[in-house]
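K.L.:
So you can see what is in the structure, the chains are spelled out below.
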Amino acid sequence: MTERVQVGTIGGAYGVKGEIRLKSFCAIPEDIADYSPLTTEDGSRSFDVTISRQITNGLAARLSGVDTKEQADALRGLALFALRSQLPETDEDEYYYTDLIGLDVFDTGGNPLGKVKAVQNHGATDLLEIFGPGLKTTVLLPFTKEAVPTVDIASGRVIVDPPEGLLE
Amino acid sequence: MARSVWKGPFVDAYVLKKAAAARDSGRLNDVIKIWSRRSTILPQFVGLTFGVYNGQKHVPVLVTEDMIGQKFGEYSPTRTYYGHAADKKAKRK
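Protein sequence lines correspond, in order, to chains A and B. Position 124, counted from 1, in the first sequence is what UniProt numbering calls 124; the numbers after and before it change by one each time, with no gaps. Position 27, counted from 1, in the second sequence is what UniProt numbering calls 27; the numbers after and before it change by one each time, with no gaps.
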């Protein structure tokens with residue numbers, strides 16, 4: 001399980017009063033403030049985030065310790081991370097994308113198939129994108145109880161039972 | 001202009017045949033590979049999984065009731081944007 005999760009990035013200064021332009025990657029963009037304090041990737045700096053308002057392509061926000069436009073501009077492009085432990089508990093059979101990505105994939109016979117490369121959702125079910133040495137290209141697998149009977153985050157693996165013809 | 005109601009929804013005939021065959025065989029979890037992105041999703045497709053071609057691969061689409069009347073192509077994008085995982089959640093159905 002990853003320790004830090006990227007939840008946003010700083011686009012630069014917004015206005016001249018020390019506000020920043022914040023791009024949130026959260027499912028609900030305003031939720032980024034709930035994960036305060038946000039840190040840099042190495043954890044060396046941390047910021048309390050206060051959302052001011054919604055703006056075009058992002059949010060206007062104030063960061064603790066950033067009071068001028070110059071300070072805000074200096075942070076342009078900085079990625080903001082939250083601790084994985086700060087994310088709220090999930091319901092049963094609900095998993096964070098960040099927990100699923102990178103898990104080892106095995107079939108029901110115990111043979112390794114590859115790793116979870118990404119999780120996608122195009123409006124129907126969630127899909128696990130699997131890539132492995134035996135596969136010519138990535139394979140999309142519906143994230144259902146039939147196709148993915150076991151998800152074991154603690155041991156870092158999922159067991160899949162792909163429908164016939166999907167891995168061809 | 002919207003499609004005339006008297007024509008009924010458009011579905012490629014082979015999609016209907018494949019769906020009926022899957023239902024008759026009882027193998028509801030198998031992926032039915034189709035290339036027809038223009039076909040309308042009908043009530044008899046609910047519960048079946050279609051692999052809808054996006055020009056590269058067949059994207060599995062598990063049909064649910066709220067998808068009736070849409071086209072298959074709407075659930076199989078031809079361009080993929082990964083984005084960041086952040087706090088996004090996946091629900092195992």
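I should point out that these hints are in silico values taken from the structure, not numbers from a laboratory. Cβ atoms here follow ideal geometry from the backbone N, Cα and C, with glycine treated the same way. Incorrect hints may appear among the rest.
Unchecked claim - With beta-carbon atoms standing in for the labels, derived distance ranges: (1) A/Ser155 to B/Gly8: 50 to 60 Å; (2) B/Gly26 to A/Ser46: 52 to 62 Å; (3) B/Thr80 to A/Asp34: 52 to 62 Å.
K.L.:
Next, verify each hint and record whether it holds.
P.N.:
Results for each hint:
Checked against the hint of 50 to 60 Å, the C-beta distance between A/Ser155 and B/Gly8 comes to roughly 52 Å, which is consistent with it. Between B/Gly26 and A/Ser46 the CB atoms are about 57 Å apart, so this pair conforms to the stated range of 52 to 62 Å. Remark: the range hint 52 to 62 Å for B/Thr80 to A/Asp34 is contradicted by a beta-carbon distance near 29 Å.
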